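Asks: Protein chains in written order, with my numbering: chain A, 58 to 486; chain B, 58 to 486.
Just to be clear, a hint being listed does not mean it is correct.
Which copy is meant is left open, so a pair is good if it fits within one copy or across any two.
[Stated by the list, open to error] Straight line, CA to CA, 20 Å or less: simulated EDC-like cross-link-like pairs of lysine to aspartate or glutamate:
| id | residue 1 | residue 2 |
| --- | --- | --- |
| 1 | Lys445 | Glu170 |
| 2 | Lys383 | Asp352 |
| 3 | Lys445 | Glu171 |
| 4 | Lys62 | Glu285 |
| 5 | Lys162 | Glu429 |
| 6 | Lys445 | Glu143 |
| 7 | Lys62 | Asp422 |
| 8 | Lys383 | Glu396 |
If you're looking for bench data, these hints aren't it; they were derived computationally from the structure.
Everything numeric in this text was worked out from a predicted model, so none of it was measured.
There are 2 protein chains.
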Amino acid sequence: MNTVKTTEIRAHEGQRVRLQGWVQTTRQMGGIGFLVLRDGFGTAQAVFEGSEIDLPFPETIIGLTGTIQANGQAPGGFELVQPEIETITAVCESAPVPMGKRELKAGLPTLLEEAVVLNRHPSRRALFKLSAGVMAAFRAHLNSNGFTEFQSPKLVGSATEGGANVFELDYFGRKAWLAQSPQFYKQMMVGVFERVYEVGPVFRAEAHNTSRHINEYVSLDVEFGFIENHFTVMALVEELFTAIFEHLAQHNETELKLLGVKMPVTNGSFPHIHFREALELITAETGERVIGATDLSPQHERWLGEWAYRTHGSDFLFVVGYPMVKRPFYTHPDPAAPEWSNSFDLLFRGTELITGGQRRHIYSDYLNALAEAGLSAEPFAHYLDAFKFGMPPHGGFAIGLERLIMQLCQLPNVKLATLFPRDMQRLAP
Amino acid sequence: MNTVKTTEIRAHEGQRVRLQGWVQTTRQMGGIGFLVLRDGFGTAQAVFEGSEIDLPFPETIIGLTGTIQANGQAPGGFELVQPEIETITAVCESAPVPMGKRELKAGLPTLLEEAVVLNRHPSRRALFKLSAGVMAAFRAHLNSNGFTEFQSPKLVGSATEGGANVFELDYFGRKAWLAQSPQFYKQMMVGVFERVYEVGPVFRAEAHNTSRHINEYVSLDVEFGFIENHFTVMALVEELFTAIFEHLAQHNETELKLLGVKMPVTNGSFPHIHFREALELITAETGERVIGATDLSPQHERWLGEWAYRTHGSDFLFVVGYPMVKRPFYTHPDPAAPEWSNSFDLLFRGTELITGGQRRHIYSDYLNALAEAGLSAEPFAHYLDAFKFGMPPHGGFAIGLERLIMQLCQLPNVKLATLFPRDMQRLAP
Numbered sequence: 058m059n060t061v062k063t064t065e066i067r068a069h070e071g072q073r074v075r076l077q078g079w080v081q082t083t084r085q086m087g088g089i090g091f092l093v094l095r096d097g098f099g100t101a102q103a104v105f106e107g108s109e110i111d112l113p114f115p116e117t118i119i120g121l122t123g124t125i126q127a128n129g130q131a132p133g134g135f136e137l138v139q140p141e142i143e144t145i146t147a148v149c150e151s152a153p154v155p156m157g158k159r160e161l162k163a164g165l166p167t168l169l170e171e172a173v174v175l176n177r178h179p180s181r182r183a184l185f186k187l188s189a190g191v192m193a194a195f196r197a198h199l200n201s202n203g204f205t206e207f208q209s210p211k212l213v214g215s216a217t218e219g220g221a222n223v224f225e226l227d228y229f230g231r232k233a234w235l236a237q238s239p240q241f242y243k244q245m246m247v248g249v250f251e252r253v254y255e256v257g258p259v260f261r262a263e264a265h266n267t268s269r270h271i272n273e274y275v276s277l278d279v280e281f282g283f284i285e286n287h288f289t290v291m292a293l294v295e296e297l298f299t300a301i302f303e304h305l306a307q308h309n310e311t312e313l314k315l316l317g318v319k320m321p322v323t324n325g326s327f328p329h330i331h332f333r334e335a336l337e338l339i340t341a342e343t344g345e346r347v348i349g350a351t352d353l354s355p356q357h358e359r360w361l362g363e364w365a366y367r368t369h370g371s372d373f374l375f376v377v378g379y380p381m382v383k384r385p386f387y388t389h390p391d392p393a394a395p396e397w398s399n400s401f402d403l404l405f406r407g408t409e410l411i412t413g414g415q416r417r418h419i420y421s422d423y424l425n426a427l428a429e430a431g432l433s434a435e436p437f438a439h440y441l442d443a444f445k446f447g448m449p450p451h452g453g454f455a456i457g458l459e460r461l462i463m464q465l466c467q468l469p470n471v472k473l474a475t476l477f478p479r480d481m482q483r484l485a486p
Numbered sequence: 058m059n060t061v062k063t064t065e066i067r068a069h070e071g072q073r074v075r076l077q078g079w080v081q082t083t084r085q086m087g088g089i090g091f092l093v094l095r096d097g098f099g100t101a102q103a104v105f106e107g108s109e110i111d112l113p114f115p116e117t118i119i120g121l122t123g124t125i126q127a128n129g130q131a132p133g134g135f136e137l138v139q140p141e142i143e144t145i146t147a148v149c150e151s152a153p154v155p156m157g158k159r160e161l162k163a164g165l166p167t168l169l170e171e172a173v174v175l176n177r178h179p180s181r182r183a184l185f186k187l188s189a190g191v192m193a194a195f196r197a198h199l200n201s202n203g204f205t206e207f208q209s210p211k212l213v214g215s216a217t218e219g220g221a222n223v224f225e226l227d228y229f230g231r232k233a234w235l236a237q238s239p240q241f242y243k244q245m246m247v248g249v250f251e252r253v254y255e256v257g258p259v260f261r262a263e264a265h266n267t268s269r270h271i272n273e274y275v276s277l278d279v280e281f282g283f284i285e286n287h288f289t290v291m292a293l294v295e296e297l298f299t300a301i302f303e304h305l306a307q308h309n310e311t312e313l314k315l316l317g318v319k320m321p322v323t324n325g326s327f328p329h330i331h332f333r334e335a336l337e338l339i340t341a342e343t344g345e346r347v348i349g350a351t352d353l354s355p356q357h358e359r360w361l362g363e364w365a366y367r368t369h370g371s372d373f374l375f376v377v378g379y380p381m382v383k384r385p386f387y388t389h390p391d392p393a394a395p396e397w398s399n400s401f402d403l404l405f406r407g408t409e410l411i412t413g414g415q416r417r418h419i420y421s422d423y424l425n426a427l428a429e430a431g432l433s434a435e436p437f438a439h440y441l442d443a444f445k446f447g448m449p450p451h452g453g454f455a456i457g458l459e460r461l462i463m464q465l466c467q468l469p470n471v472k473l474a475t476l477f478p479r480d481m482q483r484l485a486p
């Protein structure tokens, strides 16, 4: 007999089929036993009638043979009757938390400590199916727009971009560092392929524990040439997000429904506001005097997110033109007002989700910017080679995958959107 | 005027169009100037007639406007006439090596040192387009077979799998290590999604310099449940490779032609030989007495590769059943002869390209195997949780992306198949 997937049973009504998977739940009710089997694709219910049956422990691996019968009461509308069980792998211990409830009743510490088994819970699987969907949609949109994927090295020979906040390691008797972003490499790669992207881990040795930070995360990085300015980059961000949410709506309906995800709203396009005007607005409307500030606090971002929703009907808001003093040296200034930058943050429901912008592309501008920042050019020698040999105006951005999932699913902590999170205390599982 | 890609000019015959990109080469011949422009997609030639023109330095970024004209002599059959140039980014230095030749005339040290600019060479771009093609084909085949993508953490809290050969780092005052493979995580994820894959960096602190090793590489990892044994895994390997080479033939014709790639040959399916029989064969046919050996040397792998080609007409050969003593503790033994393993290596043109096999799936088997290997179970506690709670028979494999490209393109060194390689001496660019 052919083994079929749980998601295929409706095509076999009246036939006897074999499924295989994990026992998700069992219950006995008035002489009838129910068993829900989970495989990599979904779940299916089997009904045992008559004599007492010893239903196996949850998470036992079984083969389950039965006749497919329509039943409006069964989840999915079909179930297995006259079932037979073969045990493939027995278990000797119960899961730390019931796995069959719609909601996973476990606090954050338990979730993190028992991630290996609790990630099997339907609500956790749904989250990580969405992560996979986001990665797939990201690549599909960029591939169809002439972008080339690449993989940058994570071991680097100078603690350059951020200076602080990088992990240091011993590399055959000398120092190496873990890349905190593929920024320099993706810019170099614009010289090679014009339009590039990467999906990969980045490492941040940030010594703080907040609900929005983890020390290792997945970064979706984009960089491309022949832009006019940061607005060209923002146009791609908008297109890309639209494509990602359409992909999820189309391919991940089950997960979105199970998680009760409220899909983002926009009013046709993502509004934008200049950083300077954002400060004026906050001052005028809240009475808090923030004019002259060089950055936005999380509270101000939240306020702006609410303002964008209220006045523009949008869950997204671009804040553009952040002061140059707060942006890294490779940021391109606004040619008309060089104290402001051609950069942006994208706020999604009031939390920063993306940072991006136009980069400098002239070799001598880099030398001047490094000198102004009081940085020696020497550790940047290879990076600067890219600009010695001709680079077009270019820009890009990075999306934190876990933060996107957190905001989309309105989770209270980014660790909940991470399979095996790394924080100051946690390096396992 | 709309800017078009170099690859689109044939659709604009007789029209005036604008291109933008890098000056790849210029030459003057009998009062005529030729300029080859490169963008992210390909190249196009412009012809300057009449008066002397100062053609820009190679790698200068220009806009190039001209009228598209058919010319059988021109590369691609079309060229731009009556061209006009606007300089977008000037360069002040020549590339270290001519960028216009079909072959890149540079030794390995120069290639590595000047990778930032030399990776722009058409032969290098073609290699990395193939890498991107392999990743895309890998994901496409697995997605269409019900696999789910995930990303495992690279920072781990115990130097487990290999013991030696892992990079150690300071993690907020305690020790952490860089994962040398996602082996444990991909097995845990079989418990979550049944079929999983990952594309990501792995780190090997191996203190040797060979033409086949780098200290950071891209690993294409697969793991899935409900297999019969390692032959189920090998069947997927064969399908996947067939899909990858079909994808390349279909989407990367230009690159395969430019690099002169000899596509792999098979005689319908990949042959396999048991490790024990391989030793007998080598002994019988070469006179070298290797019976009783526990591993194959690179020379023996080469010999077996030639033998497979000679007798089976195949560039691929599976060697199965390696002795358990040489395989990691999670390897599943052959139930009929437990000194041999249900594992395999895939040789491609006589070099090991993949290692894989069936893994143990019973909790108590893990405890016994760890005890036999003289290892404490404690550092493996989280990993073992996966088996406490029910795991199906499962297996998988890992492909080294750079090694696959090296073997496919018959390069003498794996560093040549890597954008920015890391070896004992090199952490930059």
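Asks: A separate judgement is required for each hint: does it hold in the structure or not?
Replies: Hint-by-hint comparison with the structure:
Proximity of Lys445 and Glu170 under a CA criterion of 20 Å is satisfied inter-copy only: 15 Å between copies versus 50 Å inside one chain copy. Proximity of Lys383 to Asp352 under the C-alpha cut-off of 20 Å is restricted to the intra-copy arrangement: shortest distance 7 Å within a copy versus 57 Å between copies. When the C-alpha separation of Lys445 and Glu171 is checked against a cutoff of 20 Å, the pair qualifies only between copies, where the shortest distance is 12 Å, while the shortest distance within a copy is 51 Å. Taking the shortest alpha-carbon separations for Lys62 and Glu285, only the inter-copy value of 17 Å comes in at or below 20 Å, while the best intra-copy value is 50 Å.
For a Cα distance limit of 20 Å, the shortest separation of Lys162 from Glu429 qualifies neither inside one copy, at 54 Å, nor across copies, at 39 Å. For a Cα distance limit of 20 Å, the shortest separation of Lys445 from Glu143 across copies, 19 Å, qualifies, whereas the shortest one inside one copy, 68 Å, does not. Neither within a single protomer nor between protomers do Lys62 and Asp422 lie at most 20 Å apart by alpha-carbon distance, with minima of 59 Å and 28 Å respectively. In this assembly of identical chains, the alpha carbons of Lys383 and Glu396 lie at most 20 Å apart only when taken from the same copy (10 Å versus 63 Å across copies).
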